[in-house]
Amino acid sequence: MPLPNRLIAGLAALIAGTALQGSAIAADGHFTAEQAARGQTQYNSNCGSCHGMQLEGGVGPTLKGVDFLGNWGTAGGIYDYFSVAMPPTAPGKLGEDVYVDILAYILSVNGLAAGSEEMTADASVMNAINLTEAAAANAGAASAQTATTAEVQFEGPVPQAFTFGKSLPTKQPDGSVQDVVSGSAAANP
Amino acid sequence: MTLRLTTLLAFTALSAMSLPAYAQDAATPAAPAARSYKPVTNDMILNPPPEEWISWRRTVDNQGYSPLDLINKDTVKNLELAWAWPMAADGQQESAPLVHDGMMFLSTNQNIIQALDAKTGDLIWEYRHVLPQLPSSWGYQLNQARRQKNSIALYDDKVIVATADAKLVALDAATGKVDWETQAFDTSKGYSYTVGPLIVNDKVISAISGCSIAGTAGGCFIAAHDAKTGKELWRFNTIDDPKNPEQEASWGDVPPENRWGGTPWTTGSYDPRTNTTFWGIGMPGPYSQLIRGSGEGAVLYTNNTVALDADTGERKWNFSHLPADNWDLDSPFERILVDEGEGDAAKHLLVTVPGKDGIAFALDRDTGKYLWSRETVYQNVVKSIDAEGKVTLNSDLVPTAVNQEVFVCTSVSGGKLWMAGAYSPRTQTYYVPLAEACNTVTPTVTEFTAGNAVGATKFGPRVLPPNITDGGVVEAINVADGSQKWRLNQRPTFTSSLLATGGGLVFGGDAGRFLMAMDEETGDVLWKTRLNAPIGGYPMTYEIDGEQYLAVPTGFSAQAGSSASMFPEIPVPSGSGNSLFVFKLRSDNAKTASN
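Each protein sequence line maps, in turn, to chains X and U. With this note's numbering as the guide, the letters of the first sequence map in order to residues 1 to 189. With this note's numbering as the guide, the letters of the second sequence map in order to residues 190 to 784.
If we strip away everything but chain X, and leave its shape as in the complex, we get:
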């Protein structure tokens, strides 16, 4: 039985991880269920053939899980990329509403909860949707799943970056740079 990563990865991660287990996170509530449903239709039509109908990946990479969420940092990070570059058949051509709806669907599949207000292409809102937090919640779910269903399992604690759990200069939304403990919820504001 692998040790949960949080227990050995430093105090900051411990706090973040424990707080997230099974409870609401700040990234929740930024899109509506109807919007995600619209996004699902658009996703299935425009994205699913490469990225999989369950976002599991195909010829294109998976669009769910900790690696995906951690790679982009915020919802705005995903939007800035895919609203320009995807789909290869018509890059940047789907229209703002469609991209936003698809993003809502992707976030919903990744475990973020719907709320009462639709998401828009407002960068300040999207950039505030912290996917590192969501990734930590996903990691908990993933390790539980690993123990029960898969043939291959990783034994022991997952190695972390040398700087993980240490203080790193971190750029804040206002442009200032502050020292923040790596891996804490504040590290990807």
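No lab work stands behind these hints: they were computed from the structure. Don't take every hint at face value.
[Said to hold, decoys possible] Distance windows between CB atoms, simulated:
hint, chain 1, residue 1, chain 2, residue 2, range
1, X, K93, U, G310, 31 to 41 Å
2, U, A438, X, A113, 42 to 52 Å
3, X, E56, U, Q372, 20 to 30 Å
4, U, N678, X, G156, 49 to 59 Å
[Claimed, not checked] Capping the alpha-carbon separation at 20 Å, the derived lysine to aspartate or glutamate pairs in DMTMM-like fashion look like this:
hint, chain 1, residue 1, chain 2, residue 2
5, U, K266, U, E710
6, X, K93, U, E758
7, U, K432, U, D498
8, X, K171, U, D585
9, X, K166, U, E446
10, U, K536, U, D585
11, U, K536, U, D553
12, X, K166, U, D442
13, U, K366, U, D415
14, X, K171, U, E594
15, U, K356, X, E151
16, X, K166, U, E485
The structure displayed is predicted, hence computed values, not measured ones. Glycine included, C-beta positions come from ideal geometry on N, C-alpha and C.
Dock chain U against the given chain X, drawing on the hints supplied.
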């Protein structure tokens, strides 16, 4: 009714007689092999028959050149389809077909290997490797089976396969049955083969991938195994070399258990004159030195060329093409061995565009001494390279804070990428597919998880550099001094490796689905045809019964997808369509039957 039944029975009987053998991990009775097979010897690997293509780049100097000349500047206009074949699995199209003794060996994604009659396109056997089930949360590692399955190797009467679950498997070349199999590395940590092996003197020399996956911390390897048994003979760790204090110091305070990367993403080359094998090494992980914790250290042997003794794996020399990478600009690509002049005056070169930044280098391959370098596509990360080959970076582009975005050229998709260039001894020219591209790079912090990567970096979309409208480039580089012989620019990016031939042609293809034949002297496109999907993998050529064939893989291209916004007027298809197209000249161009 009776008639229909009879017809059905007759059809079934016929099918049973001509059914190819299916070899599987599970014991399935296979039909007896009908054909003989001429073993591939060590000498043949070093000096292959002109009409065959028996190693990844045909010869182990990695030149990607065939002396065949029936298809040439005059006759290329008469190419027509001989046969075509759908590949057995979707995924990044990086197949490198091999041909020996009339058989084509085709490696596709998910480690499916097929043997085809190279003249007719009939299937002879198929091997489907059974990969273990991985947790769905291991996104990066799951993707390894769908990418970069570029080559296999022929040795004796065997086909050597390096698998996505880090095994080496030797198949009987005539039947596809497993001869031996060894678990070379621990796939539960993330190890996975994505490139094929090099065969040298009864040894399988291979490089493991997956070294950007969290569980593989501390080790990334080039290794040699006995080609007759699969027993390991030596291994060389690209990120932890206690025999070299300079290597250890180059990671600063970072201990081996927090080091990643250093993946040798491309099959190495071999020089029998010195019994040396040459490998390119990829980027460090995490990508940013801020997150890595390595300060300004060069993090050896990432982004290096390493020269190893083929018998022992001992390092002879190493050369750093991009020290202290901060942008995932790996430098693992093809190392080509070229001799200039003859006798005592001969120069023994290693030429390469090693990294995504597109800078071309030549080294003395006996000493590792720097000879020349030259920029090809626009890049802003390397400020200068001095007379000794010491690389100075643009310090403005080294992020000093988490979430600090920098605009970097080339992009994470290159510049240069896995698509290999080809060298022609006719022109002493190295032909290289390249791309003009930039992206934003932003370091992030994440908790690493099993089966996932440790880049800790966010990349923006791939965009053209300022004031450049043509993203696709082929450069022809004189290897004597690195000067440009010619350059072809076009909107769509090139998505296949190149092939140079004795017919004076350079073949390659693009994201816009065009296969083209370029004049080796001028870059003029003498012939082109449009296929079903982006041109991919490794176009190659062979000759059977006096006819020269040109084999061209097509299919899904991550490079086409990631660059599509740079040429929106040419949409990339949504179907992947992984296929092989084989051309030959119309019969009036063939050699006479007596030849």
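Does the structure keep X/K166 and U/E446 at a Cα separation of 20 Å or less? Given pair X/K166, U/E446 holds - Cα atoms ~16 Å apart, limit 20 Å.
Are the Cα positions of U/K536 and U/D585 separated by 20 Å at most? violated (38 Å)
Given pair status - U/D553, U/K536, alpha carbons within 20 Å: Holds. U/K536 to U/D553 sits at ~7 Å (cutoff 20 Å).
Could you tell me whether the CB distance from U/A438 to X/A113 stays inside 42 to 52 Å? Roughly 49 Å apart at Cβ, these two residues keep to the hinted range, so it holds.
When you take the CB atoms of X/K93 and U/G310, is the distance between them in 31 to 41 Å? For U/G310 against X/K93, whose Cβ atoms are near 38 Å apart, the range 31 to 41 Å holds.
When you check the alpha-carbon spacing of U/K356 and X/E151, does it fall within 20 Å? With Cα atoms ~17 Å apart, U/K356 and X/E151 stay inside 20 Å; holds.
Verify the proposed pairing of X/K166 with U/D442, using a straight-line Cα cut of 20 Å. Distance ~14 Å between X/K166 and U/D442 Cα, so the pair holds.
Sort out whether U/E485 lies within 20 Å of X/K166, counting only the CA atoms. Answer holds: X/K166 to U/E485 is near 18 Å, not above 20 Å.
Measure nothing beyond the straight line between the CA atoms of X/K93 and U/E758; if it is 20 Å or shorter, mark the hint as holding. holds (11 Å)
Is the gap between the beta carbons of X/E56 and U/Q372 within 20 to 30 Å? Taking Cβ atoms as reference, X/E56 and U/Q372 lie about 26 Å apart, which means the hint holds.
Straight-line Cα separation of X/K171 and U/D585 no greater than 20 Å? Holds, at roughly 16 Å.
Check the hint pairing U/K432 with U/D498 against an upper bound of 20 Å on the C-alpha distance. At roughly 15 Å apart (the allowed maximum being 20 Å), U/D498 and U/K432 satisfy the hint.
Checked against the numbered hints above, the structure breaks only hint 10 and satisfies the rest.
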